[in-house]
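Chains as they are written, first to last, in my numbering: chain R, 1 to 411; chain P, 1 to 411.
Any given hint might turn out to be false.
The list treats identical chains as one, so a pair stands whether inside a single copy or across any two.
[Unchecked claim] Straight-line distance between alpha carbons at most 30 Å, and here's what the computed BS3-like set of lysine-lysine pairs gives:
| hint | residue 1 | residue 2 |
| --- | --- | --- |
| 1 | Lys277 | Lys47 |
| 2 | Lys62 | Lys9 |
| 3 | Lys62 | Lys230 |
| 4 | Lys329 | Lys169 |
| 5 | Lys348 | Lys23 |
| 6 | Lys348 | Lys164 |
| 7 | Lys7 | Lys271 |
| 8 | Lys106 | Lys37 |
| 9 | Lys221 | Lys265 |
| 10 | Lys239 | Lys7 |
| 11 | Lys86 | Lys106 |
| 12 | Lys24 | Lys348 |
| 13 | Lys24 | Lys106 |
What the hints contain is simulated information worked out from the structure, not anything from laboratory work.
2 protein chains.
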Amino acid sequence: MEEFLQKAKQSTSELLKLKSGEKKEILLQMADAIKEKSQEILEANAKDMENAERSNLSSALKDRLYLDEKRVSAMAQSIREIAMLKEPVGRVLEGWEIDNGLRIEKVSIPIGVIGIIYESRPNVTSDAAALCFKSSNVVILKGGKEAQNSNEAIAKILQDVLVKNSLPKEIIALLPDYSREGVDKLIKMDKYVDLIIPRGGEGLIRYVSEHATVPVVKHDKGLCHTYIDKDADFDKAIKIAVNAKVQRPGVCNAMETLLVDYAIKDEMLLKLYEAFKPYKTLLKGCAVAREVIDIQEATEEDFHTEYLENILSIKVVDGVDEAIEHIRKYGSGHSEAIVTENYTTAEKFLNAIDAACVYVNASTRFTDGGVFGFGAEVGISTNKLHARGPMGINDLTTYKYKIYGEGQIRE
Amino acid sequence: MEEFLQKAKQSTSELLKLKSGEKKEILLQMADAIKEKSQEILEANAKDMENAERSNLSSALKDRLYLDEKRVSAMAQSIREIAMLKEPVGRVLEGWEIDNGLRIEKVSIPIGVIGIIYESRPNVTSDAAALCFKSSNVVILKGGKEAQNSNEAIAKILQDVLVKNSLPKEIIALLPDYSREGVDKLIKMDKYVDLIIPRGGEGLIRYVSEHATVPVVKHDKGLCHTYIDKDADFDKAIKIAVNAKVQRPGVCNAMETLLVDYAIKDEMLLKLYEAFKPYKTLLKGCAVAREVIDIQEATEEDFHTEYLENILSIKVVDGVDEAIEHIRKYGSGHSEAIVTENYTTAEKFLNAIDAACVYVNASTRFTDGGVFGFGAEVGISTNKLHARGPMGINDLTTYKYKIYGEGQIRE
Chain R
1 MEEFLQKAKQ
11 STSELLKLKS
21 GEKKEILLQM
31 ADAIKEKSQE
41 ILEANAKDME
51 NAERSNLSSA
61 LKDRLYLDEK
71 RVSAMAQSIR
81 EIAMLKEPVG
91 RVLEGWEIDN
101 GLRIEKVSIP
111 IGVIGIIYES
121 RPNVTSDAAA
131 LCFKSSNVVI
141 LKGGKEAQNS
151 NEAIAKILQD
161 VLVKNSLPKE
171 IIALLPDYSR
181 EGVDKLIKMD
191 KYVDLIIPRG
201 GEGLIRYVSE
211 HATVPVVKHD
221 KGLCHTYIDK
231 DADFDKAIKI
241 AVNAKVQRPG
251 VCNAMETLLV
261 DYAIKDEMLL
271 KLYEAFKPYK
281 TLLKGCAVAR
291 EVIDIQEATE
301 EDFHTEYLEN
311 ILSIKVVDGV
321 DEAIEHIRKY
331 GSGHSEAIVT
341 ENYTTAEKFL
351 NAIDAACVYV
361 NASTRFTDGG
371 VFGFGAEVGI
381 STNKLHARGP
391 MGINDLTTYK
401 YKIYGEGQIR
411 E
Chain P
1 MEEFLQKAKQ
11 STSELLKLKS
21 GEKKEILLQM
31 ADAIKEKSQE
41 ILEANAKDME
51 NAERSNLSSA
61 LKDRLYLDEK
71 RVSAMAQSIR
81 EIAMLKEPVG
91 RVLEGWEIDN
101 GLRIEKVSIP
111 IGVIGIIYES
121 RPNVTSDAAA
131 LCFKSSNVVI
141 LKGGKEAQNS
151 NEAIAKILQD
161 VLVKNSLPKE
171 IIALLPDYSR
181 EGVDKLIKMD
191 KYVDLIIPRG
201 GEGLIRYVSE
211 HATVPVVKHD
221 KGLCHTYIDK
231 DADFDKAIKI
241 AVNAKVQRPG
251 VCNAMETLLV
261 DYAIKDEMLL
271 KLYEAFKPYK
281 TLLKGCAVAR
291 EVIDIQEATE
301 EDFHTEYLEN
311 ILSIKVVDGV
321 DEAIEHIRKY
331 GSGHSEAIVT
341 ENYTTAEKFL
351 NAIDAACVYV
361 NASTRFTDGG
371 VFGFGAEVGI
381 STNKLHARGP
391 MGINDLTTYK
401 YKIYGEGQIR
411 E
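Just chain R, with the same shape it has in the complex (with noise of 0.2 Å):
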């Protein structure tokens, strides 16, 4: 393992002599292979298909798993859009000149290796190569043991593209070892790892940011609130939170409670009420929510939970500050909204509320890289250092300073 990881690591030096058109034509050629050879990618997801088959995965698991000729050739779009994204590297972050002459640059710089640990989803494998190769970044990649066929066979082609164009294949590493041994060995090299970013489930990231030496981006839950306050538009407040919750349930970015202010309970719950009826959303609230709308029970535990399902929980709050001192205590630090017309308001929310996007009068679905114009998507971090929110590839270089004397010296 440690060989292993050396030579990823000696392997940073030869990315870093490629200059940013060689790295677009060589992303450009990994696109081509994976649609040539796509054929090479189905085989070996018809394996790991009958496998999951065998082991019998949640039909959800085996739809993420399940490569066809469309998604594939998702997979070389992919690429090739991030192929096409502005160069990385190299960009001045700032510069200046100090007293003595010094020239000092703040130039942006690849992070070095980078470990990605991610779950079932194959295309993971050829976007997270992709972005990092990029950026000028060695990956390390450990998918799921699900797909280990599938995400071998993907890593083969881009490897064989590598080697075509005379660098290490190392530069696109699949881990050794799959076992939770090989994942702890990982994150422990922090001789040799600059960055790991887990995305997965609870206990993936909980396990990963205990043990890790090396630093963790995590890609973590979204607990969302949106919060209707009296000074609301009412027909926003009821399109927003119905777009929030139903768009896409599934996703980290969807909200799971909704707060609405004591003052307008009485008509605004009855409109929610009729306005998620036709989504068979099932909801849930708290007791004073269930004076004026007959729903199921919301629970502490509720409270805290991630749905990431058609069920919505309820809580009616007094104001703006009962709101924002509910998502200190439940929220998750990913995106929170509020719906209000009042400009004090909003501003006290946008101001008091510690998360990596708040919204004024917008669906929280929002968060998300392609939205926000950052291109192809790392994930959303939930860090509070480095990145934050939506991580597009800018956020896989960290910087230097250069700095140009005529023979200075400190006085």
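Since the structure of chain R is provided, determine the placement of chain P on it from the hints.
Positioned in the frame of chain R, the structure of chain P alone reads:
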């Protein structure tokens, strides 16, 4: 302990409510209080000095611990300077509008609760407290046991100012448990603590990095190199080499190893030998260097050593490529310099070296927040992520996205 940290976390919301001018005013009150109550600080410090005497602390450590009127005045002055820094919170870092009219702003915000673990110098207590307060962060200070009385006296004075301004004293907190177990708990409380900054010896930093679940920004060692290329201006080269070593050998941005191009070794080494003579620098060299000048042998271990003393290892290398290779192997990613008049060689070095600061034709001694123009300095980060190199007050912030809508929902 958990209760203590919970209180610290809770007081973050009080800090958020303060306007920039209020923070400035309170910091100026703190500076005045330090000055007015200098007697209390000096008395506490006398106790620490007595204990230091009894426990046979080294004279270097005693010097770092010692306070007099002048040093206490400097502490007050430093708080005053921090008070006048440009407000670090609320900077709009980026802003744009997306297709559907949503307006996105990326805005700097406090990190939250920051734990700072440090050693002897009591002025770090007031500096760190002021920097964190100015950036609206709650700080948990864990100083050295040998400075406990001084640190408690300083913290008490600052806390009294907080209380006088109706703020919770937990905004500037001293860790109640000074033992290793106290530190151990602190660095694992990611529920309440957002960042740990360890400043001190390698052992401490290694321990914190290995055991923390809270993100860590290290202030680790600086094993800095200067490479004198065959195309160097010899006068500049000698001035820079001497300055980087002798101007203040005990600090992290001082040079530890000098690399000399083989092509100029004879003339350059003789000149260096003469130039270092008046400073009584202990020179150690590789076998090739020792054929030219009569100096001690530098072992493999020497090239791995941060002397922090007036000692220099010298190695003759075969041009810029071997210099880069050597630095990659032995460098600590802090500050590295090349002396050359050759444009292409300079560019090669600037791009290939992965360090926080890479210099052309200047002394590594410039790696410093004050010199860079950041104002008071949190330290020199050897992290690759979040903050790298000289860490100014802006590095005590992170960001969130504020998104302004008018009822937008996702289709």
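Status of each hint after checking the structure:
Proximity of Lys277 and Lys47 under a CA criterion of 30 Å is satisfied in neither setting, with 42 Å inside one chain copy and 72 Å between copies. For a Cα distance limit of 30 Å, the shortest separation of Lys62 from Lys9 qualifies neither inside one copy, at 35 Å, nor across copies, at 42 Å. For the homomeric pair Lys62 and Lys230, neither the shortest alpha-carbon distance inside one copy (45 Å) nor that between copies (62 Å) is at most 30 Å. Within a single copy, Lys329 and Lys169 get their C-alpha atoms only as close as 47 Å, which misses the 30 Å cut-off; across copies the closest is 22 Å, which meets it.
Taking the shortest alpha-carbon separations for Lys348 and Lys23, only the inter-copy value of 19 Å comes in at or below 30 Å, while the best intra-copy value is 46 Å. Taking the closest pair of Cα atoms, Lys348 and Lys164 come within 30 Å of each other only across two copies (26 Å); inside a single copy the shortest separation is 57 Å, beyond that limit. In this assembly of identical chains, Lys7 and Lys271 lie within 30 Å of each other by CA distance neither inside one copy nor across copies; the values are 61 Å within and 40 Å between. Taking CA atoms no more than 30 Å apart as the test, Lys106 paired with Lys37 passes in neither setting, with 42 Å inside one copy and 42 Å between copies.
Only within a single protomer do Lys221 and Lys265 lie at most 30 Å apart by alpha-carbon distance; the minimum there is 29 Å, versus 59 Å between protomers. In the homo-oligomer, the alpha carbons of Lys239 and Lys7 never lie at most 30 Å apart, since the shortest distance is 53 Å inside one protomer and 39 Å across protomers. Proximity of Lys86 to Lys106 under the C-alpha cut-off of 30 Å is found in both arrangements, the shortest distances being 18 Å within a copy and 20 Å between copies. In this homomeric assembly, Lys24 and Lys348 come within 30 Å of each other (Cα to Cα) only across copies, at 22 Å, whereas the closest approach inside a single copy is 45 Å.
In the homo-oligomer, the alpha carbons of Lys24 and Lys106 lie at most 30 Å apart both inside one protomer (24 Å) and across protomers (29 Å), since each shortest distance falls under that limit.
The structure does not agree with the numbered hints 1, 2, 3, 7, 8 and 10 stated previously, though it agrees with the rest.
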